[in-house]
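Here the protein sequences come in this chain order: S and H. At position 213 of the first sequence the residue is numbered 212 (numbering that gives the first Met the number 0), and the sequence of numbers has no breaks. At position 218 of the second sequence the residue is numbered 217 (numbering that gives the first Met the number 0), and the sequence of numbers has no breaks.
Treat the hints as calculated values from the structure; they're not laboratory data. Check the hints yourself; a few may be wrong.
For identical chains, the list gives no copy identity; a pair is met inside one copy or between any two copies.
[Said to hold, decoys possible] Using 25 Å as the maximum straight-line C-alpha spacing, the simulated PhoX-like pairs for lysine-lysine come out as follows: (1) Lys172 / Lys69; (2) Lys9 / Lys73; (3) Lys172 / Lys9; (4) Lys143 / Lys73; (5) Lys172 / Lys6.
Number of protein chains: 2
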Amino acid sequence: MARKKHKFPKTTIERLSYYFRALEELTRRGIDTVSSEALGTRLNIKPSQIRKDLSYFGDFGKRGMGYDVKYLLKELRYILGLDRNWNVIVVGAGNLGAAITQYPGFMKRGFNVVSLFDNSKNKIGAEIGGLKVRGMDELQGFVKENNVEIAIIAVPGHAAQTVADRLSRAGIKAILNFAPSHIVVPDGVRYLSVDLTTKLEALAYYMSFSKDKLWKVFS
Amino acid sequence: MARKKHKFPKTTIERLSYYFRALEELTRRGIDTVSSEALGTRLNIKPSQIRKDLSYFGDFGKRGMGYDVKYLLKELRYILGLDRNWNVIVVGAGNLGAAITQYPGFMKRGFNVVSLFDNSKNKIGAEIGGLKVRGMDELQGFVKENNVEIAIIAVPGHAAQTVADRLSRAGIKAILNFAPSHIVVPDGVRYLSVDLTTKLEALAYYMSFSKDKLWKVFS
DNA sequence: GGCGATAAGTTAAAAATTTCACAAAGTGAA
DNA sequence: TTCACTTTGTGAAATTTTTAACTTATCGCC
């Protein structure tokens with residue numbers, strides 16, 4: 000299993016994810032070999048970028064031939080940590096938390112939402128997507144007992160930092176934050192945020208001012 | 000109202016959005032002046048980065064004094080296109096579409112979801128967040144009559160491209176795509192995507208392999 | 001009104017990322 | 001086996017983005 004050199008751009012991992020998805024689509028269509036050129040056309044990414052990204056992790060292709068789709072998928076699955084299952088909890092049982100809990104794309108990738116937490120009396124005990132909503136007092140115990148490593152924050156912005164603190168204390172190793180606010184986590188806890196309004200604001204900006212035609216997905 | 004020089008990094012707009020949010024928080028707390036240093040500490044962004052970002056659009060600060068919070072807010076509001084209202088439609092009335100429709104952060108910023116569309120018989124006519132779900136056949140007419148410029152796609156991946164095509168034909172000017180697939184839009188239509196699983200996959204990667212401690216929000 | 005302190009705006013250097021261009025490697029046909 | 005063709009992997013160049021260093025402006029105080 001490939002491991003290779005140096006540092007690589009942060010965006011590489013994100014692109015690997017896109018490659019992975021495109022390759023899945025190709026297997027579904029029964030295609031078993033693809034060139035960086037062909038893949039690049041599909042994804043609107045330069046072939047040289049694709050080759051460079053992959054080269055950070057190994058030599059997956061065959062010169063003159065391209066990449067074996069199944070093999071590359073296997074390697075990417077390993078690199079992206081998708082060859083195992085992850086237990087995930089969601090904090091915040093509002094509309095967004097409920098949607099995330101039931102989002103089909105997560106389970107398909109091995110991210111299993113195993114419980115939902117909230118601190119509101121009238122949500123605790125309710126059932127969402129087959130899961131009972133638990134109170135925050137059960138958080139620490141649940142995380143320990145169920146070996147939960149990843150948490151998703153889906154609470155209002157003002158509560159996000161408090162939740163992040165509790166999650167960190169409970170032993171959570173990675174946090175995905177949907178709340179529209181900047182939060183700080185201790186060393187050792189991985190953190191990424193998904194910001195819904197920021198993207199809309201960027202669109203609004205480009206509609207108002209920019210002459211740029213099309214806009215490359217920048218995340 | 001400021002307009003200024005050259006090109007600037009794509010990420011600048013995203014950061015302006017963060018600055019805007021932080022400044023809002025500062026006004027709420029009654030603080031009316033802030034330095035790039037202080038703002039940078041809050042957001043974990045280098046002061047020089049903040050000054051550079053702002054300098055692309057104008058001279059908003061006073062040397063020796065910092066930035067007037069209210070004034071900078073006003074300018075950023077203008078730059079980000081938040082000084083007006085936008086009519087937004089959501090396509091896809093599943094869990095995610097419903098959550099997006101009711102997401103409080105959008106309306107607060109002037110993004111008003113004015114209708115929800117779906118093509119499933121048993122969703123059409125239902126009411127979500129006070130809005131009736133409309134069939135796709137009403138799309139074109141609705142967009143024209145209501146001056147809708149922005150659409151949010153919240154359908155399964157395989158349907159996203161078809162939806163994007165219909166939206167473009169209907170005259171939509173910007174698309175925010177939550178579906179986990181790469182889509183192509185005609186020139187003149189702005190496009191950004193928010194990818195939920197990609198972020199989780201990035202976290203999974205960093206948990207498996209990376210020694211990096213903390214991870215700067217990269218969107 | 002000059003002086004010290006602060007902090008913006010800017011220029012230049014550094015770092016990060018993408019793209020180019022090409023040598024090396026593999027294929028298939030003659 | 002050799003040749004023509006394809007396509008990878010990669011070192012170097014080009015580009016973009018960030019960071020540091022510097023210059024200039026503003027305030028408050030004596």
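Hints versus structure:
no.: 1; hint: Lys172 / Lys69; result: neither (31 Å within a copy, 38 Å between copies)
no.: 2; hint: Lys9 / Lys73; result: within (21 Å within a copy, 33 Å between copies)
no.: 3; hint: Lys172 / Lys9; result: within (19 Å within a copy, 30 Å between copies)
no.: 4; hint: Lys143 / Lys73; result: neither (31 Å within a copy, 47 Å between copies)
no.: 5; hint: Lys172 / Lys6; result: within (23 Å within a copy, 39 Å between copies)
The structure is inconsistent with the numbered hints 1, 4, although it conforms to all the rest.
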